[in-house]
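Protein chains: 4
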Amino acid sequence: MAKQEDVKKVVLAYSGGLDTSIILKWLVEEYQCEVVAFSADLGQGEELDHIPEKAKKTGASSCHILDLKEEFTRDFVFPMFRANAIYEGRYFLGTSIARPLISKAQMEIAAKEGADAVSHGATGKGNDQVRFEVSYYHFNPAVKVIAPWREWDLNSRTALEAYAKKHAIPIPTNKKVPWSSDRNLLHISFEGYALEDPWAEAPEEMYTLTVAPEDAPDQPEYIEVEFEKGDAVAINGERLSPANLLAKLNQLGGKHGIGRVDLMENRYVGMKSRGVYETPGGTILEEAHRAVESITMDREVMHLRDSLVPRYAEMIYNGYWFAPERIALQALIDETQKTVNGKARIKLYKGHCRVVGRDSATDSLFNVDFATFEADEVYNQADAEGFIKINALRLRIAAMQRAAKK
Amino acid sequence: MAKQEDVKKVVLAYSGGLDTSIILKWLVEEYQCEVVAFSADLGQGEELDHIPEKAKKTGASSCHILDLKEEFTRDFVFPMFRANAIYEGRYFLGTSIARPLISKAQMEIAAKEGADAVSHGATGKGNDQVRFEVSYYHFNPAVKVIAPWREWDLNSRTALEAYAKKHAIPIPTNKKVPWSSDRNLLHISFEGYALEDPWAEAPEEMYTLTVAPEDAPDQPEYIEVEFEKGDAVAINGERLSPANLLAKLNQLGGKHGIGRVDLMENRYVGMKSRGVYETPGGTILEEAHRAVESITMDREVMHLRDSLVPRYAEMIYNGYWFAPERIALQALIDETQKTVNGKARIKLYKGHCRVVGRDSATDSLFNVDFATFEADEVYNQADAEGFIKINALRLRIAAMQRAAKK
Amino acid sequence: MAKQEDVKKVVLAYSGGLDTSIILKWLVEEYQCEVVAFSADLGQGEELDHIPEKAKKTGASSCHILDLKEEFTRDFVFPMFRANAIYEGRYFLGTSIARPLISKAQMEIAAKEGADAVSHGATGKGNDQVRFEVSYYHFNPAVKVIAPWREWDLNSRTALEAYAKKHAIPIPTNKKVPWSSDRNLLHISFEGYALEDPWAEAPEEMYTLTVAPEDAPDQPEYIEVEFEKGDAVAINGERLSPANLLAKLNQLGGKHGIGRVDLMENRYVGMKSRGVYETPGGTILEEAHRAVESITMDREVMHLRDSLVPRYAEMIYNGYWFAPERIALQALIDETQKTVNGKARIKLYKGHCRVVGRDSATDSLFNVDFATFEADEVYNQADAEGFIKINALRLRIAAMQRAAKK
Amino acid sequence: MAKQEDVKKVVLAYSGGLDTSIILKWLVEEYQCEVVAFSADLGQGEELDHIPEKAKKTGASSCHILDLKEEFTRDFVFPMFRANAIYEGRYFLGTSIARPLISKAQMEIAAKEGADAVSHGATGKGNDQVRFEVSYYHFNPAVKVIAPWREWDLNSRTALEAYAKKHAIPIPTNKKVPWSSDRNLLHISFEGYALEDPWAEAPEEMYTLTVAPEDAPDQPEYIEVEFEKGDAVAINGERLSPANLLAKLNQLGGKHGIGRVDLMENRYVGMKSRGVYETPGGTILEEAHRAVESITMDREVMHLRDSLVPRYAEMIYNGYWFAPERIALQALIDETQKTVNGKARIKLYKGHCRVVGRDSATDSLFNVDFATFEADEVYNQADAEGFIKINALRLRIAAMQRAAKK
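Chains as they are written, first to last, in the UniProt record's numbering: chain A, 1 to 406; chain B, 1 to 406; chain C, 1 to 406; chain D, 1 to 406.
Quick caveat, the hints were computed from the structure, so don't treat them as lab data. Check before you lean on any hint, since a few could be wrong.
[Claimed, not checked] Keeping only pairs whose Cα atoms sit at most 20 Å apart, straight-line, the calculated SDA-like set for lysine to any residue is:
{"id": "1", "chain 1": "C", "residue 1": "125", "chain 2": "D", "residue 2": "379"}
{"id": "2", "chain 1": "A", "residue 1": "56", "chain 2": "A", "residue 2": "171"}
{"id": "3", "chain 1": "B", "residue 1": "405", "chain 2": "D", "residue 2": "255"}
{"id": "4", "chain 1": "D", "residue 1": "255", "chain 2": "C", "residue 2": "327"}
{"id": "5", "chain 1": "D", "residue 1": "347", "chain 2": "C", "residue 2": "261"}
{"id": "6", "chain 1": "C", "residue 1": "338", "chain 2": "B", "residue 2": "322"}
{"id": "7", "chain 1": "A", "residue 1": "405", "chain 2": "B", "residue 2": "322"}
{"id": "8", "chain 1": "B", "residue 1": "255", "chain 2": "A", "residue 2": "363"}
{"id": "9", "chain 1": "C", "residue 1": "125", "chain 2": "D", "residue 2": "338"}
{"id": "10", "chain 1": "D", "residue 1": "347", "chain 2": "C", "residue 2": "199"}
{"id": "11", "chain 1": "C", "residue 1": "347", "chain 2": "D", "residue 2": "361"}
{"id": "12", "chain 1": "A", "residue 1": "229", "chain 2": "C", "residue 2": "406"}
{"id": "13", "chain 1": "D", "residue 1": "229", "chain 2": "A", "residue 2": "405"}
{"id": "14", "chain 1": "B", "residue 1": "406", "chain 2": "D", "residue 2": "381"}
{"id": "15", "chain 1": "B", "residue 1": "338", "chain 2": "C", "residue 2": "261"}
{"id": "16", "chain 1": "A", "residue 1": "112", "chain 2": "B", "residue 2": "403"}
{"id": "17", "chain 1": "C", "residue 1": "406", "chain 2": "A", "residue 2": "171"}
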């Protein structure tokens with residue numbers, strides 16, 4: 001086979017599941033190359049302990065396991081939440097924001113291992129292949145990328161299971177659910193199969209991180225979230241690391257059934273696709289962050305920033321986290337967060353959360369003590385007349401012009 | 001007095017309440033001019049029947065009453081909802097969108113009556129004065145605007161009541177609530193007094209259009225909302241006029257405690273201000289509209305439109321509904337709505353609503369029958385490789401350039 | 001060959017030159033299919049008369065010739081100039097705007113002829129392939145597209161000439177110039193070979209539509225251009241059809257050496273590329289159009305429109321003329337042009353043009369007779385104080401807040 | 001008079017000319033307060049030497065003179081040119097960018113002097129009053145601002161001269177020109193009187209910094225401008241300080257008649273106004289800067305930045321240089337300039353300048369040596385097919401949907 005000549009060593013993003021196990025084996029067979037497995041803990045809540053054994057048994061020469069939960073939250077999730085980034089009005093970008101970090105860690109291992117190729121388990125119809133590969137190329141423009149789903153002929157469940165059987169890869173015995181999902185510390189997503197009828201409600205048993213609102217406590221719960229420079233640092237007065245804080249918000253949001261979204265979204269590769277998401281902690285985080293911004297952020301700064309968020313969210317959704325335009329926009333966003341210091345009080349109840357109070361000891365643009373100035377020095381109602389007249393001038397001139405035209 | 005020479009006849013936006021009654025009398029006294037009262041029904045839910053008598057008793061030469069509920073919903077609320085316009089991420093612009101219509105009707109009466117001045121009861125610290133006056137000047141650039149709150153010396157409740165007593169204006173005996181409010185078919189707003197501590201939760205007794213989520217039914221309710229060219233036309237299969245449809249959504253949303261928002265917002269006149277809003281029907285309308293858009297609207301059209309919505313919302317908030325830039329932007333927005341035909345299924349429960357299904361018989365970009373084309377003619381997974389490689393090219397070149405630099 | 005089964009009849013965008021002659025023959029040979037040649041006159045200034053004979057001699061079953069100069073100017077160039085669209089600050093999009101029209105006409109012929117495929121002579125490294133094919137798919141999503149440059153192995157000049165010789169295709173004997181070019185009524189572009197060193201000045205002999213500024217008349221020339229709804233309709237008082245008007249401007253601009261641009265631009269496919277352009281008439285047109293806008297267009301309308309032009313220009317550059325986002329944006333642009341009626345006086349001299357006067361008999365927002373209003377009713381200098389104070393309020397509050405913090 | 005109680009000491013922006021001399025005297029008379037004169041050298045090319053004597057003779061208690069040319073160029077002009085900021089497509093913002101620096105220096109003197117008020121000579125109809133005062137309030141929200149033109153009754157030339165005579169203020173004897181002007185190191189502007197007919201060409205004798213293109217040398221001149229991080233640092237290989245570099249460019253541009261603009265512009269206070277500008281050095285600077293960007297800046301970064309420039313230019317034009325939204329946007333702009341290192345070769349000839357070459361030894365995204373990679377690893381023409389097909393997918397689906405609808 002020609003393939004074996006191209007690649008000497010490939011680093012595979014490996015989850016231990018059936019699909020990436022088959023890919024691991026397929027890479028060994030097809031490329032006759034060394035395969036290094038790599039698994040990252042981004043808070044997917046699965047056991048990573050036995051992964052090295054599984055990987056080696058399936059043919060990996062070695063296996064790297066990294067706990068990236070703090071880096072993920074601190075350097076990826078939090079910068080994104082400084083912008084209140086939401087894709088198409090609803091999606092908190094939980095999967096989109098994880099891919100760049102996995103790619104980065106994978107490329108660091110590839111560099112250390114001297115690998116000439118990398119591989120992933122994303123299909124050819126989705127966004128994830130773009131997010132992975134655009135990031136790979138950023139770190140090494142000459143890297144060889146192997147995307148088995150675009151290459152092989154194992155295009156059905158049956159073909160995959162036959163391949164697994166043939167190569168003695170264990171097939172999980174637990175009941176196959178009729179959807180696919182992706183989970184990390186920010187969210188879990190669902191798509192496919194049971195969700196393909198856009199009119200049908202998503203099945204209740206699918207939800208993982210949240211109870212049904214109907215099953216949430218009958219009493220609301222109030223929490224306080226504190227922010228420094230736009231990043232959450234404490235809940236109810238307790239300072240927590242980024243990952244621990246997000247985990248705590250997930251637990252609170254999940255308990256109250258908060259953060260479910262059912263969305264028909266537009267993929268970067270051009271088709272519409274239904275996604276259902278649970279983002280319990282992120283949903284609370286956005287509500288609280290906006291509340292602290294509302295009392296500390298200048299109006300024009302907020303409006304400028306907000307006008308750029310659809311584009312920023314699109315960059316992340318499409319996979320351009322490491323691209324210079326995202327970094328340029330982040331510079332603006334981070335500049336806007338210097339004064340975002342304060343806290344928000346949020347009411348959690350039966351599937352939603354709502355700010356009921358906000359404050360800033362250091363940066364409130366509302367609390368400023370106007371008493372130190374005479375009222376009419378700071379705001380003189382008579383000024384409003386001039387303000388209105390000057391602002392209306394162009395409209396008055398246009399009205400005169402229209403009248404003259406008649 | 002010099003004032004009496006300036007003005008012969010003034011049309012006053014009159015509500016029948018204490019403040020505009022005092023203004024009416026004050027205008028008569030101060031300007032020695034004829035005062036025409038004008039009241040519009042935009043769905044504020046108050047009795048307008050006795051207004052003409054009250055107005056005349058207080059000194060008005062005549063009184064015009066207009067039912068504008070259908071025009072309000074059809075020509076103001078609905079065009080705005082085609083854009084999913086929300087100010088500062090939370091406010092559905094319920095008061096902002098009403099002011100231009102009141103101004104328009106008032107100026108039509110002024111033209112008919114041959115009045116040379118108009119007046120309103122908005123204070124000198126708020127947004128409404130701008131919204132009224134900018135609109136007035138659009139219709140008549142030479143109109144004389146009288147804003148009593150910016151002119152007179154009745155700057156305390158006591159002074160006002162003394163003036164009322166002196167002029168035999170009846171002072172309402174019902175308990176004065178510690179907030180001010182503005183209501184129409186789209187929403188009710190609250191501000192001032194009890195809400196001035198931004199950390200304190202708004203009092204439950206204030207809410208008018210919605211039950212507390214805790215008191216909402218324990219069972220969720222599902223409804224279907226149908227859209228044509230971006231406008232809602234039917235609920236649960238029943239076609240309704242715009243105003244009746246919005247009233248119906250209000251009743252449904254109110255029953256389930258939907259649409260409460262507590263916001264620290266930025267006024268156009270430069271200060272921050274806390275507003276609490278109930279927009280029960282509008283909240284459902286936005287959720288449903290976005291859902292129908294999600295299945296019928298092109299991705300790039302949506303992203304372009306969404307990037308302009310903060311600016312569009314700002315125009316409306318600031319009072320520029322009749323300005324040419326709003327009209328230019330509306331042309332874009334309306335163009336995007338031609339395909340927004342379909343229906344959404346919404347779940348209402350305990351204070352929030354969430355789309356659970358969406359469909360379009362005529363314009364779905366998801367339902368298209370791909371079967372008429374060979375799968376790989378429409379989407380060939382191998383194409384994704386080229387797509388990614390070309391999109392990554394600039395990033396690869398930059399990476400090579402960085403490497404060469406070292 | 002498998003290929004012959006796929007395609008029965010292909011419509012080729014045919015210029016009569018060597019490359020598309022070889023493509024014609026190659027299509028016949030390779031696909032064993034009927035080839036219909038199509039040539040459009042967009043003002044490229046070449047003889048189209050003998051094209052049908054040449055096409056048939058080279059193997060075409062038939063040949064369609066269309067004069068599209070008026071449609072090109074009226075429905076493509078003019079709508080684009082309503083926006084003052086310029087790519088990357090310098091390029092007037094002369095080639096970009098021609099491709100969609102060629103594609104449209106080609107697809108109409110394909111429909112009429114019952115062809116199942118279309119083909120073009122654009123290479124795999126440029127923008128034109130995208131512009132052609134994106135437009136093809138818009139008109140027929142199932143059309144088969146054949147891009148020979150991406151398919152064949154004739155990848156050198158030698159291979160091409162060998163192929164031509166073998167198939168008795170006449171090779172032009174005129175000296176081969178060291179650049180490639182594309183010309184139509186709006187411009188001529190140059191790229192490649194002699195231009196590949198970005199530091200070296202483009203050779204003077206390359207320029208086609210313009211004299212060297214040094215060779216232009218020593219006396220300036222003044223012209224007047226008149227506009228209706230944003231479109232030029234007359235020069236020096238003489239009404240002209242769109243194509244004739246643009247031709248006249250080209251003649252004037254060319255005579256004075258106007259409209260040369262030397263640009264390092266970013267292609268849609270990801271690499272930088274140097275392009276040199278001559279757009280004599282278009283350069284004058286933009287200067288004149290902006291001048292008429294400057295006296296007739298509202299400030300906020302202009303600023304809103306201008307902020308969208310980079311995106312609009314990008315859409316056209318990338319090939320999305322027929323895409324719904326371009327059409328939505330055009331709706332906004334066209335709405336802004338309703339008042340753009342008037343004329344501009346332009347000075348042409350030695351390589352550049354500059355507005356020296358502008359006027360509008362019907363829509364000037366400058367000429368309005370302020371005399372009909374008392375000066376201080378329309379503009380009262382005292383109003384400016386209120387205007388400034390209110391606008392500065394947020395900055396004053398922020399300054400107080402900073403001071404309090406210290 | 002009440003006035004004398006309000007103000008103890010005022011710092012006046014003083015030019016030594018008739019108007020600010022009258023203001024100086026008027027302040028002393030009207031407010032019975034101490035007046036400190038302040039003059040800044042921003043390159044207006046006038047003698048500042050005798051200003052202290054004149055100021056004191058007219059009544060000033062003291063006079064501060066500052067040479068701000070380097071600070072002006074380095075911290076105001078250059079940051080603005082990093083964005084290629086141009087207002088309404090034509091105006092290089094030469095006056096707008098000077099006002100914030102004058103205000104800053106004036107407020108520093110006010111702080112040092114313990115002054116409670118500041119004053120300036122800008123009228124109530126223009127932009128400058130806003131630029132001054134918004135900046136004043138940024139530095140001291142409690143400062144008293146005195147704008148004599150909005151306050152006094154000296155509203156005619158005759159009244160002014162009478163006042164001058166009465167107070168023994170010398171009236172300049174040189175012929176009064178029929179326009180007003182403002183000059184600094186970046187530009188000179190003209191407005192009023194002779195320019196009020198928008199159709200009439202501006203008089204040749206008005207121009208100050210540039211020769212008429214007709215009088216410029218018959219031979220073109222080529223220059224090289226070098227940039228580091230987006231700022232010009234050298235001309236023809238000679239490193240120069242910012243102010244010296246700009247002065248040198250002015251001299252070169254002026255000699256060749258470069259940088260004249262005749263514009264009908266929209267003032268912030270709502271009316272249209274004609275301005276004529278000479279920006280010889282700035283015009284060359286922008287051409288050169290764009291050229292270096294074109295070879296060093298990523299496409300998406302450029303397009304993002306360009307889409308924000310109209311808003312950025314508007315901020316500066318309106319006077320919001322010190323506002324947080326300008327600073328946030330500057331953070332983005334500066335981030336984009338890190339790679340803008342290189343040089344441009346510019347041809348100067350008879351009224352215009354044009355880039356003819358550009359290069360970057362360190363950051364070219366064009367010069368990258370593709371030879372280190374196999375050609376088809378970096379760019380494979382076959383990839384373009386996938387790129388196009390995926391990009392066209394949404395348009396194909398829409399076309400199928402339209403077809404199905406029929």
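### Task
Verify the proposed pairing of residue 347(D) with residue 261(C), using a straight-line Cα cut of 20 Å.
holds, 12 Å
### Query
Does residue 363(A) lie within 20 Å of residue 255(B) when you go C-alpha to C-alpha?
violated, 39 Å
### Task
For the pair we were handed, residue 405(B) and residue 255(D), check the Cα-Cα distance against 20 Å.
violated, 39 Å
#### Entry: Proposed proximity, residue 322(B) with residue 405(A) (alpha carbon, max 20 Å)
holds, 19 Å
### Restraint status (C-alpha distance of residue 125(C) to residue 338(D) at most 20 Å)
Answer violated: residue 125(C) to residue 338(D) is near 29 Å, above 20 Å.
#### Entry: Restraint check for residue 406(C) with residue 171(A), where alpha carbons must lie at most 20 Å apart
Violated. Residue 406(C) to residue 171(A) sits at ~65 Å, over the 20 Å cutoff.
### Query
Are residue 112(A) and residue 403(B) close enough, with their CA atoms no more than 20 Å apart?
holds, 17 Å
### Message
Check whether the Cα positions of residue 229(D) and residue 405(A) lie no farther apart than 20 Å.
### Response
violated, 52 Å
#### Entry: Satisfaction of hint between residue 379(D) and residue 125(C), Cα-Cα up to 20 Å
holds, 8 Å
### Given hint residue 406(C) paired with residue 229(A) - CA-CA distance at most 20 Å
Roughly 18 Å between the alpha carbons, so the hint for residue 229(A) and residue 406(C) holds.
### Message
Need the status of pair residue 347(D), residue 199(C): alpha-carbon distance at most 20 Å?
### Response
holds, 13 Å
#### Entry: 20 Å Cα cutoff - pair residue 338(B), residue 261(C)
Violated: residue 338(B) and residue 261(C) sit about 40 Å apart, past 20 Å.
Of the numbered hints given earlier, the model fails hints 3, 4, 8, 9, 11, 13, 14, 15 and 17; all others are met.
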